[in-house]
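Visitor: As you go down the protein sequences, you meet chains A and B in turn.
Using our numbering, the first residue of the first sequence is number 1, and each one after it goes up by one.
Using our numbering, the first residue of the second sequence is number 1001, and each one after it goes up by one.
Do not take every clue at face value.
When the alpha-carbon atoms are kept at most 25 angstroms apart in a straight line, the in silico BS3-like pairs for lysine-lysine are as follows [claimed, not checked]:
hint, chain 1, residue 1, chain 2, residue 2
1, B, 1185, B, 1247
2, A, 76, B, 1012
3, B, 1064, A, 76
4, B, 1016, A, 74
5, A, 18, B, 1064
Where chain A lies over chain B, by a calculated footprint (3+ residues, C-beta under 8 angstroms) [to be verified]:
hint, stretch
6, 1006-1012
7, 1054-1061
8, 1070-1083
I should point out that these hints are in silico values taken from the structure, not numbers from a laboratory.
Just so you know, even glycine gets a beta-carbon here, dropped at the ideal spot from N, CA and C.
Spelled out, the chains give:
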Amino acid sequence: MGNPIDLLQGTLDMLILKAVSLGPLHGYGVLLRIQQISGEQLEIQQGSLYPALYRLEHQGLIASEWGESDNKRKAKFYSLTAAGRRELHSETEKWNRMASLIASILHTTSEEL
Amino acid sequence: MRLFARLRSWMKSIVKRALLETAMEAEVRFHIESYAEDLVRSGVREEEAMRRARIEFGGIESHKSAMRASLGLRWWDELWIDLRYAARKLHKSPGFALTAVLVLAIGIGVNVTAFSFFNMVVLKLMPVHDPDSLVRLQRRSPEIITPVVPYPTVVFYREHARTLSAVMAMMGARMEIESDVQPVKADFVTVNYFRELGSLAACGRLLDPARDDASDAVPVVVLSFGFWQRRFGADPSIVGRVIRLNKKTATVIGVTSNTFSSLGGQYPDIWLPITEQPYFVDGSKVLTDTSGGNVEMWGRLAPGMTAKMAEQELLALTNELRKQYPKDIWDHEFIKSDPAGHIQVIKPEMYQVMAMVSTLTLLILAVACANLGGLLLARGVQREREIGIRFAIGASKARIFRQLFTESLLLALLGAVAGLIAGYFVLRVTLPRFEAPAWTSAAPDWRVILFAVGMALAAAIFFGLAPAWQIAWRRQRQRKTIARQVLVGAQVAASCVLLIVAGLLVRAVHHVMFTDPGFGYEQVLSIDPGIGSHGYTPAAAQSFLNELQNRLRALPGVTSVSLVKVSLLGHSISRMGTDIGGHPVDVYPNWVTPEFFQTMDIPLLRGRSLLAGEKNAVIVSESLARQQWPGEDPIGKQFWQKDTVVGVAGNAHINAVNDGDTVEVYWAAQAEDMPGMTLLVKTAGAPEGLPAMVKPIAESIDPKLFPEIYLLKAAFHQNVLNFELAAAAVSMLGIAAALLAAMGLLGLVVYTVSERTKEIAIRIALGAKPAHVLSAILRQFVWPIAIGLLTGVAGTAALSQVLRKVLFGVSNLDPLSYAGAMGVLLMIATAAALLPARQALRVDPMRALRCD
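Just chain B, same shape as in the assembly:
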C-alpha cells in the first residue's frame, strides 16, 4: 500500500516536474513572507522582519534539495546529470563511442535476431480466434508416431469428444488447375476450419458449415490471397467464377485475407471441403478408409478443459474404436495433444537447436563485452586526471562508480538500439526466405524490445561493472593485470568455440559438396503417380506400375527403373528409433524393388540384392552391420528376430543427408505396398528433359492421374542450400568474433605498452636485448591465451555432440576444424600482440624518460 502510494507520488513528480518546482518555490516563499508578516505585527521593522524570517528558515536551496530527496527524486536527478555528462563525454571521443556502439551492436544484434526468431516461433500466438485452446492431435503408439489419422476416426472423435469443442481435419494434396503445368498446393479441410480460426475473407466468403456441408452442395473452392494475386491478377470478379481442378469444375466462393494464418504453418494455394475430395480424386476412399492415415487432426479444447483431460477422453474413445475396427487400431494406441496456436507446432528437438543457437549468440556477446571491458579499462587510465580531480573536489567513490557505470549503461542502450535496427534488417531479408506467412513482421514487438534492453543491461554489467569498480576504488596493480588476463582469456575462449563450430559447418558443407554421398542423385528422377489416393487395389497398382516401368525403360537414355515405398528427399520420411549396443540409433527403412541399388548407385558390399517380393530377408547398411555385429560376417544373421540378413549395402543417408549417424535397412516391397510406391528413373545423360516425356506416358495409362515428378538433384541441392546458409552465417559470426578478439587484444597490448613505456625505455637504455624486453611485456598474455584456447577446445568438444546430426557425417571432433581454429586464433593473437610491442621498442629512451 505504502509502496503503491510512493510509486504514484514518484510518477507524479517526474511527469509534472516543472509544476513541482514552482509549487515548492511558492510554498517556501509563502512560509517566509507569512512569518515576516507575523514579525511585523509583533513590532519588528519590515526589512528586519524579512531578513530574520529568511535566516530562521535556513538555507532555501538545501531545504529544497532535501524536499526533492523526500520525494525520492534524488537518484533520478543524479541519473540525469550522469547521463548528460556521459553523453558529453562520448560526444567528445567519437572514435571510442563509435567503436563501442559498433561492437555492442554486433553482440546485441545477433542475440536480438535469434530471439526474434524464437519469439516468432515459440512466444507469439497466431492472430486467430482464441489461439490458446487450439491443439494438434497426433496418433501414436509406443512404437509409432504419425501425423495422420484415418478420416472416419476424426468423425468418430468429433461426434463423441466432450473435451473438444471442435475437431478439424486437413489433408494436403497437389492438384492440376485448368491445364497449367505447375500443380497447385491444395488443402482439403473440414468445413468448420475457417470459422474455428475466426478468419475473414478478403472477398466473397470462406467455407461455411451451414452451406457447404450438405450432400448436394456444389463443389466450391477458396483461394489464398497470394494465389489470387499471382494466378488471377487479383481479379475482383473472381467470386462466382467456375474453374477446373483435376479436370473437374468448382466454383470460387472467396479469397482469404492477406494475413490469414493457417494451422501447422501450412500455406496452400487453395482450400476445398474434405467431403468433396472423392469428387476431385476419382476412386478415392479417404472418407471411408479406416486402415491408413490420411488426414491431419486438430482440435479446440472446450472451455475449462486441459490437454491432459482431452488426451484421457480420446484414449477412452480410441479403445471404443478398437471394438469397431479391431484390425486398424494399434496396440496401446493413443492420441497426443500439442499446443497449436503458434506459427509451428513446437517439437521437443527444436529446444535443443535453440539452446545451441543461443549458446553461440551469447558467446558473441561475451566476446563483445570482454572486448569493451578492455577498452574501458584503457580509457580509465587516460581519464585518471579527470577522475582524480573529481575525487579531489569531494566526489565519493560510490558517486564516481555510479557515474562511470552510467556511461557504460548509455553505451549499452545505444548498442541495443543499433542491435534492434540490425536485427530488423536481418529479419526483413531472411523472413521471405522461410516463406513466413504475411502476418509475421520483422518489426520488433514489446518482447523483443524488452529483450534488447535486458541484453543491454546484462552487457553493461558484464563489461562496465568491473572497470568502473576498478577505477573508482583504484585497486592495486596486481588486480589490474588479473582483470586484463581474464578479459583476454574469455575473448580467446569464446571466439575459439565460434571458430571451431564455424569450421565444422564449413567442413560439413565441403564434405557434402565434394565427396560421394554414397548414392547417385545427379541423374535420377522421382515420379509419384499418386495411384494410392485414387483407390487402386494392390493388384491394379501392380499392373499399372509394371506397364509404366516397361514404357519408361523403353525411353531413350533410361538405364534403370525401380520402385520405393518411402519417396526419396520428398515430403515425408520414415524413421524408426532403435537401440544398438546401448546407443540410440535412428534407422531409416525403405521397401524397394530389386533394381533399387542399381538405380541409386548404392554398392552392394556383401551378399546379394533382394528378390522381388521376397519375405523375411533384409539388406542392412554397412555402418549398421558394423555396429550390430562388430568383426563378424553379418550375412545370415538374424535381424529383429524374424528377418535374415542377405546383403550389406553401402551407407546412403538419402533421407537424412546431414545426419552421419543414421543407418539404413531395406526390405523387398510387398504386393500390398504397391498403391503407395514411387518410381525412380535413372538416365544415362542429363535428366532435365525427362519430366516432360514422363507426364504424358503416365496420363496415357490412366488419364485421371496427376503424377508428382521431380529431379533428385534439385531436392538434394535445396536440402544442402539451407545448410550452406547456416554455415555461412556461423562462419561470419566466427570471423566477427575472432576480429573482435584481435581488436581487444591489440587494445590491451597497446595499453600495457603505453603504461610501461618508461620501464621499456630504461631497460633499453641499460642495454637489454629487444627480444628480452618484448618477452617481459608479453609474457603476461601467454597464459591467458593458452588457457583460453584450451577452454574453448575442451568446451566445444564436450558440447558439440548435439551438432552430429547436421554435420553430414563429418565428426564433431574433426581435428582439422579444431587445429584450424586454434591456428587462426594464434596467428591473430600473435599479430595483435607483436605489432604494438615492436612499435614500443622503437621509442627513443631519452625522450620517453624526459616526458613528464
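This is chain A alone, in the form it adopts within the complex:
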C-alpha cells in the first residue's frame, strides 16, 4: 500500500454517486465504501463529504431517508435517484473518454508523430 492519493478536483461527486449506486448508505458509510473500493488509496477529508452530499441531494441526484444503522442507531441513508443514475452514467462515460484521451496523449512517443 503506497501513499494515499489526494482526490482530483470535482471527482468527489462522481465517487459519491457511484458508492450510493451500489446500495443505500449513510454518510459515514459512503466514506468507508469509497475507501474500501479504492483499496484504502484515496484520502477524503471527512467533513467535506457532507457539503457534497447536501449539494447532490439539493440537485435531486440522491435522496435521503432516516433509518437504522448497523450499530442500532438512527442514521440518514442516501440512495441514488433516477436523475442520479443518469448523471452517474453520463459522468462515467465522460470520465472514460477523458481518461483514455489523456492516456493516449501521455503514451505518445516521438516515432508516432
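Chain B: place on chain A using the hints.
Guide: Same frame as chain A, but now just chain B:
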C-alpha cells in the same frame, strides 16, 4: 428538471428550517461517534478515539455552513441578517425612517391608486358567467359610429349568426313610477339578459326566456337591489306586487343581487322585457322600426369563435339585410365587436388618458426617489465610521453594498405597505363618487399588491442603488458631486412638469368659471318631450311642438323658446371628424330652429340666422370660419359641397365644454327631424320654478308623455365639477412634488455645507466676503436647477398636446402656467439653498477648525 428539484429542496429547507438544523447536527454527531467506535474497536482508547474523530472530521461549524451553502441557503441567511440589521438601524434613527417611509408612501401610493383604477377598468373581469366571451356589437360605417341599432336587425342577427351563441339587446329609458316626481332609470332588455350573465336574484326570480317571452306573458319588472332598498325599504314581500310604471301595471317578479354586474357599466333601477316596451310607451315602433337605431347590442361568442370571425359573419349578414331594407342599411356598414367583460367597454382614447396619468404619477415617484437618494447619500456620510469599521473587520465591498441595498429594500417595502394603505383609503373615498357598482372593492387584489411590490423594487433600485454603490466603492469626490447634481436636476425637472400641468388645469377651471363660455346657460331649461319614442309622425310632432312652444312662450318670464335636435349637455352627443387644412378637427353639429341663437345667447357675428326649415344653408362657428377660410369672408362660401354659409356664430363648445379645439356647425331643423327635437326655454329671471310649471303643460297636450326636464346650469356645473376635482388632485400632486423637491434640495445643501464647514471657516478666517463664500458653495447647484427647469418646461411643452382636449380652450402653452411653475420652483429652490447656507456663515471659525 434540476432547477425544479433545487427549487423544491430549497423551499423544503426554508419551510422546515429547524428540522434541517437538528438533522444536520444529528448526522454529524452520528458520523463522529461511528468513527470513534471504529477507532476503539481497532484498539484506541475511548477518550483518545473521540478526540481523534473530532480532529479528523474538521471544523464542525464550518462544514455545517458549507452544507447550508450547498442547499442554497447562504444568501437567504445573509438576507435575514441584513434585514434584521437594517431594521435595527432604522429603529435607531426613527426620524429618518419616518421621513423616508412617508416620502415613499406618497410616491408609491399615488401610483398604486392610479393602478387600482386601471386594474378595475382594464384588467378585472366582471363577476359574470364567462366574461371573456362577452362582446359589445357596434354599428359602424367609415363615416358613422353609433352605439345603437334597430331592434329588428338584432333579431335578424340573433336568428342567423353562428359565431354568436347569444345576442342581447338593451334600451335605456326613463319612466314614471307610481306618481313619483323623480323618474326611474329603466332598461328594456331581451329576456335572455340575466341568464346569459349568470345572475342570481336576491329574492324572487329574474327574467326567464321560458316564461317571459310568450306573447301572452303578463308585464313583469325586475328591481335593482339598490332601488328595492331605497324605494321599497327592502320590503321582503315585494315579489308579486303590482306596481304602476308610466301609468301601466306591471308585476314585480324579483330583485337582482347586490353584486349584480350589468353590461356596459349601466346601472338602471329596473329592468323590463324589451317585448313589453310598446305596452309601456304608447305608440312606440321600437320593435318594428328598421330605420333608426334604438337598442344597444351585445353578444356572446360561441365556443371557439373569435371576435374577428364574428365580425366577418356579421358583415355578411349585414349585406343580407341590405337586400331586405335597402334604404336603411348604410354604404359599407359593418358591425364592430369589442370585448365587453369589463366594468366598461374600453375605448382607445382611454389609453391616452391612462398614459398621461401614469406619466404624472411616475414623475411623483421619480421626485420621491431622487429625494430619498439625496437623503441616503447624506446618511452615508454620517455612517462613514460604522462602514469603515465593517470594512476593517473584513467585510467585502459586495457584502457592504448588499447590506446597504437591503436597507433601501426594507424602506421601499415599508413604503409600499404605507402606499397600499393610502391607496385603499383614497379608493374608498372616491369609488362612491364614480357610482361604482357594488361588486367593486377598494381592497387591493393580488395584481395591485404585486404592482406595489414591483414599484417598491423599482424605487429601491432607483433611490438605493447609486448611493449604496457610491458608499461601498467609495468613489472620489468628483463623482459624488455629479450624483448630487443629477439628483437635484431630476427633482427639479419632475416637479416642474407636475407644477405646470397643475397650473394649466387650475387656469382651465378658472377660465371656465370666470369667463364667458360663449353661450348663456344660467337661465335656460331643456325639455325633451320624448315624442319620438311614442311613435309621433313628423307632422304630429310639428303640431305638438308648435302648441307646446306657444304655451311656453305665454308663461310669465319666458323670453325665448327654440328647438334643437341634439340635446345640450345631455346624455348623447353628436360628433363628426373632419379635416381642415390638414389638421383633424372635431365638428359638433346641430339642427336648430331660427330662435336658437337668441335662446342660447350665441352672438351672430356675420350674416344672418337660419330660416325655418331652410335647406342647403349653414351657419359655422367663428373658429371654423377662420380655419377654413383664413383672411376671407366666409359668407357665401360653399361648405361640404352642397351647403352655402349664410352666417358666422360665436364659438360655443356646448357639447364639448372642455375641448377648446372643436368647431360647431348649425343647420336648420327639417320637418323629419321633429319627432326627435328638444325644447330650450330661456327665462328672464331664475329658471328654478319653471320645471314644475312645464310638466303639467306638456302632459295636458298629450297625457301619455313623460318629458325629461333639466336646467342647463345644473348639467354645466356637473360637467365642470368633475374637472375641478381632477384639477385639485393634480394641484395637490404638484404641490407635494414641489415640497418634496424643496426638502431634497434643503437636505443636499445642508449636507454639502456640513461637509465643507472647515473650508468655509478657513475662508472666513482669511477674510473672504460672505457673499463669495456663499456663491462658492451654492454654485454647484445653479446648473442642475437651471437644466432641471429647462428640461421640465421643454418636456411639458412637448407632451401637453394631449391635454388640449380638456383645457376649456386655455392653450397648452399658456405662458402664465409655465412662468408660474418656474417662479414657484425658483423661489422654493432659493429658499431651500439659502437658509442652511446662511447658517453656515455664522459658524465660529475657531470652533469649526478645532473640532476633530
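Visitor: State the violated hints by number, sorted upward, taking the hints as numbered earlier in the document.
Guide: none
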